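S.K.: Chain residues, written in single-letter form:
There are 2 protein chains.
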Amino acid sequence: MLSGAPSYTGSVNKGPLLTEVGVVGAGPVGLAVAWRCARRGLRVVVYDDRPGSGASAVAAGMLAPVAEAYFGEHELTALLVESAARWPGFAAELAEASGVDLGHRTEGTLVVGLTADDLTEARRLWAYQQGLGLPITPLRPSALRDREPALAPRVRGGAVAAGDHQVDPRRLVAALRIAAERAGVVFRPARVGALSEVDARITVVAAGCGAAALTGLPVRPVKGQVLRLRAPGGGPPGFRHVIRGYADGESVYLVPRDSGEVVVGATVEERADTEVTAGGVLRLLRAAVELVPELTEYELVEAVAGLRPGTPDNAPILGTLPGRPDVVVATGHHRHGIVLTPVTADLVTELIVTGEPDPALAPFTPDRFPKEPRWN
Amino acid sequence: MLSGAPSYTGSVNKGPLLTEVGVVGAGPVGLAVAWRCARRGLRVVVYDDRPGSGASAVAAGMLAPVAEAYFGEHELTALLVESAARWPGFAAELAEASGVDLGHRTEGTLVVGLTADDLTEARRLWAYQQGLGLPITPLRPSALRDREPALAPRVRGGAVAAGDHQVDPRRLVAALRIAAERAGVVFRPARVGALSEVDARITVVAAGCGAAALTGLPVRPVKGQVLRLRAPGGGPPGFRHVIRGYADGESVYLVPRDSGEVVVGATVEERADTEVTAGGVLRLLRAAVELVPELTEYELVEAVAGLRPGTPDNAPILGTLPGRPDVVVATGHHRHGIVLTPVTADLVTELIVTGEPDPALAPFTPDRFPKEPRWN
Numbered sequence: 029m030l031s032g033a034p035s036y037t038g039s040v041n042k043g044p045l046l047t048e049v050g051v052v053g054a055g056p057v058g059l060a061v062a063w064r065c066a067r068r069g070l071r072v073v074v075y076d077d078r079p080g081s082g083a084s085a086v087a088a089g090m091l092a093p094v095a096e097a098y099f100g101e102h103e104l105t106a107l108l109v110e111s112a113a114r115w116p117g118f119a120a121e122l123a124e125a126s127g128v129d130l131g132h133r134t135e136g137t138l139v140v141g142l143t144a145d146d147l148t149e150a151r152r153l154w155a156y157q158q159g160l161g162l163p164i165t166p167l168r169p170s171a172l173r174d175r176e177p178a179l180a181p182r183v184r185g186g187a188v189a190a191g192d193h194q195v196d197p198r199r200l201v202a203a204l205r206i207a208a209e210r211a212g213v214v215f216r217p218a219r220v221g222a223l224s225e226v227d228a229r230i231t232v233v234a235a236g237c238g239a240a241a242l243t244g245l246p247v248r249p250v251k252g253q254v255l256r257l258r259a260p261g262g263g264p265p266g267f268r269h270v271i272r273g274y275a276d277g278e279s280v281y282l283v284p285r286d287s288g289e290v291v292v293g294a295t296v297e298e299r300a301d302t303e304v305t306a307g308g309v310l311r312l313l314r315a316a317v318e319l320v321p322e323l324t325e326y327e328l329v330e331a332v333a334g335l336r337p338g339t340p341d342n343a344p345i346l347g348t349l350p351g352r353p354d355v356v357v358a359t360g361h362h363r364h365g366i367v368l369t370p371v372t373a374d375l376v377t378e379l380i381v382t383g384e385p386d387p388a389l390a391p392f393t394p395d396r397f398p399k400e401p402r403w404n
Numbered sequence: 029m030l031s032g033a034p035s036y037t038g039s040v041n042k043g044p045l046l047t048e049v050g051v052v053g054a055g056p057v058g059l060a061v062a063w064r065c066a067r068r069g070l071r072v073v074v075y076d077d078r079p080g081s082g083a084s085a086v087a088a089g090m091l092a093p094v095a096e097a098y099f100g101e102h103e104l105t106a107l108l109v110e111s112a113a114r115w116p117g118f119a120a121e122l123a124e125a126s127g128v129d130l131g132h133r134t135e136g137t138l139v140v141g142l143t144a145d146d147l148t149e150a151r152r153l154w155a156y157q158q159g160l161g162l163p164i165t166p167l168r169p170s171a172l173r174d175r176e177p178a179l180a181p182r183v184r185g186g187a188v189a190a191g192d193h194q195v196d197p198r199r200l201v202a203a204l205r206i207a208a209e210r211a212g213v214v215f216r217p218a219r220v221g222a223l224s225e226v227d228a229r230i231t232v233v234a235a236g237c238g239a240a241a242l243t244g245l246p247v248r249p250v251k252g253q254v255l256r257l258r259a260p261g262g263g264p265p266g267f268r269h270v271i272r273g274y275a276d277g278e279s280v281y282l283v284p285r286d287s288g289e290v291v292v293g294a295t296v297e298e299r300a301d302t303e304v305t306a307g308g309v310l311r312l313l314r315a316a317v318e319l320v321p322e323l324t325e326y327e328l329v330e331a332v333a334g335l336r337p338g339t340p341d342n343a344p345i346l347g348t349l350p351g352r353p354d355v356v357v358a359t360g361h362h363r364h365g366i367v368l369t370p371v372t373a374d375l376v377t378e379l380i381v382t383g384e385p386d387p388a389l390a391p392f393t394p395d396r397f398p399k400e401p402r403w404n
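Going down the list, the sequences are from chains G and F.
If you count by this note's numbering, then the first sequence holds residues 29 to 404, one letter each, in order.
If you count by this note's numbering, then the second sequence holds residues 29 to 404, one letter each, in order.
Keep in mind that a hint or two might mislead.
What the hints assert, rightly or not - Some chain G residues judged to face chain F by a derived CB distance under 10 Å, without partners named:
#  : residue
1  : G69
2  : V73
3  : V109
4  : P260
5  : V296
6  : R314
7  : E325
8  : V329
9  : V381
10 : G383
Everything labelled a hint here was simulated from the structure, so no lab data went into it.
Note that the structure is predicted; figures quoted are calculated from it, not measured.
Glycine included, each C-beta is placed from N, C-alpha and C at the ideal position.
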């Protein structure tokens, strides 16, 4: 058990009605932590007045540690790689526990550049990724088109990240909810306005953007607009790979699902509203259609915006809150909440159960930010 | 009364429970005919299982006989001009009768060309319109920008059609419904599958695209996709005129409403589905933003598609069905249903009441098409 939590010591023997872990937030991270803790025999309550309504409801579900590896973020990249490696086992276990098909697909990701400029930018990133030893393999244009004939003839070049997969975040949330309930987790449809409202030995703050108000940590909303298209005629999309593309300086991803759905994302905006704007939709559609022209014929089914929990260094915040050994934070996953769900759940659960932080948590602790956080 | 209608002769004296006019279709045309007929003392029943759900629910509501006057359609243009001239009186009378504000606005329409090619095309059309004596006045770029500073600096030139106004079609339908009910019109929420189902002396077919199946007339669905944007901050849009623009070969119109709404329309597609497509939305947004850049910041509130009732010569079909003197057709209004509502209602009501077709109906009679229609 968490060694620094005085109010928690010996609590396991205090009777069956005492909540051992109170999780604030029923997104993928909160649900996965709750599920894992319940499987370890802890009594868990999850608080959320609108479960699954946060960033995960909008997310595309790319499990792409390689294609998303970015300059200067090597510690984050290492965590992404580690979590992606845990995904197949996590998915199998969760599908088994919930009976829900997660839409976990392993065709890999193509990273493509539309113009010569786009390709130049992409190649610099591939060189960086290869320098980290990550498996990204440039393809000749003919090989690229052989793999994915739906790509526009204009596309200048690309690479394959064969290990970068995808999952459907909405199914993930549904599956985690079922698995958690089956493991004995109790759900309270309540909004937590202050940590003092949580009556538990250990409180886990997995509240996404809401963590800022609860902990004072520097988590800020980063708006993302996402579209959902549907292939005509009820069939699957005309391409199989996740496509991460650069198109006239615009970055876009296309995630095809077996259901016929294609997720097109996402804008990255330093705004806290969730309005879908003409400009956001225009940018996404233009880049998507330039990369895969057949998308013009697809139905536009949904346009939504969500708020990612961003942090100053784009990395998540994982660990005990300074001065509050009874509070564990698991937020700030920004653009990587889905891929980071397994490793977050594993590390946070271990921290709660053993009281010892895994060394892998060291780069992501809440105390890494210069200013003292305030909390209530 | 309609002289050629044997079953109708003398019917006025047959008792108060007999329906004199059965109108199929509760769109603007059907409702306006019903209202006018009821005001003339006729007993009217309107049949529609989904009132106001047709093309009018999607329409922008431009009253633009000049900006919409097109090569080779001078008879249609004359009818558009005549109906637009009746609009102010019709709107005043209807607002009075219903208590509904129709959103009737008279700021006029600017017709603009984005590129030199667009402007060349627009100028050819203006010359044609001026040749017909229509009031369209080219503006110098500085005068154009003085009138509407929200236009993109790239816009090469434009003209003003000061008499081309706008109305809100959804309010129009609501107002007509109230006015008709107040005048004694009875509504039956039923779908008419055959003319024999209508128990009335005179049947008016105002069923939009549905008229084809009822009458055999060559009315075909012409799909139109339309967007509704909303100005940020709850204020009105940053421009006052209706803007009909040509942008890189794309034709688009922007209709600002006092509520903050801007209607962006419309695709013209020879298809019978009502799917909103990625390509349709992309074309509309791209052209709209190129003409009025501030629209990028507007919320995208709605994307819908409707089916216009198109005809072989793009003109409406108005008059008695050949061989069926008890059936009057008022459909095929294509892109012009809203502007043509007053003149259609007036001419059709006169035909029903007097039995004599106004000479203005001559170019639009159902018998003008070469092939014999079939009906049931």
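S.K.: For each hint, tell me whether it holds in the structure or not.
M.R.: A quick look at each hint next to the structure:
Taking 10 Å as the C-beta cut-off, the interface hint given for G69(G) is violated, the closest approach to chain F being about 49 Å. Interface restraint check: V73(G) against chain F, minimum CB-CB distance 38 Å, threshold 10 Å, status violated. The interface hint given for V109(G) is violated, since its Cβ lies 33 Å from the closest Cβ of chain F, which is over the 10 Å cut-off. Hint status for P260(G): holds, given a least beta-carbon distance of 8 Å to chain F, under 10 Å.
Violation of the interface hint for V296(G) is found here, the shortest Cβ-Cβ separation to chain F being roughly 16 Å, above the 10 Å cut-off. Interface hint at R314(G): satisfied, since its Cβ lies 6 Å from the closest Cβ of chain F, which is below the 10 Å cut-off. About 6 Å separates the beta-carbon of E325(G) from the nearest beta-carbon of chain F, less than 10 Å, and the hint is met. For V329(G), the interface hint holds, since its Cβ comes within 10 Å of a Cβ in chain F; the closest pair sits about 8 Å apart.
With a least beta-carbon distance of about 46 Å to chain F, the hint placing V381(G) at the interface is violated under the 10 Å criterion. A cut of 10 Å between beta carbons decides the hint on G383(G): the least distance to chain F is about 49 Å, and the hint is violated.
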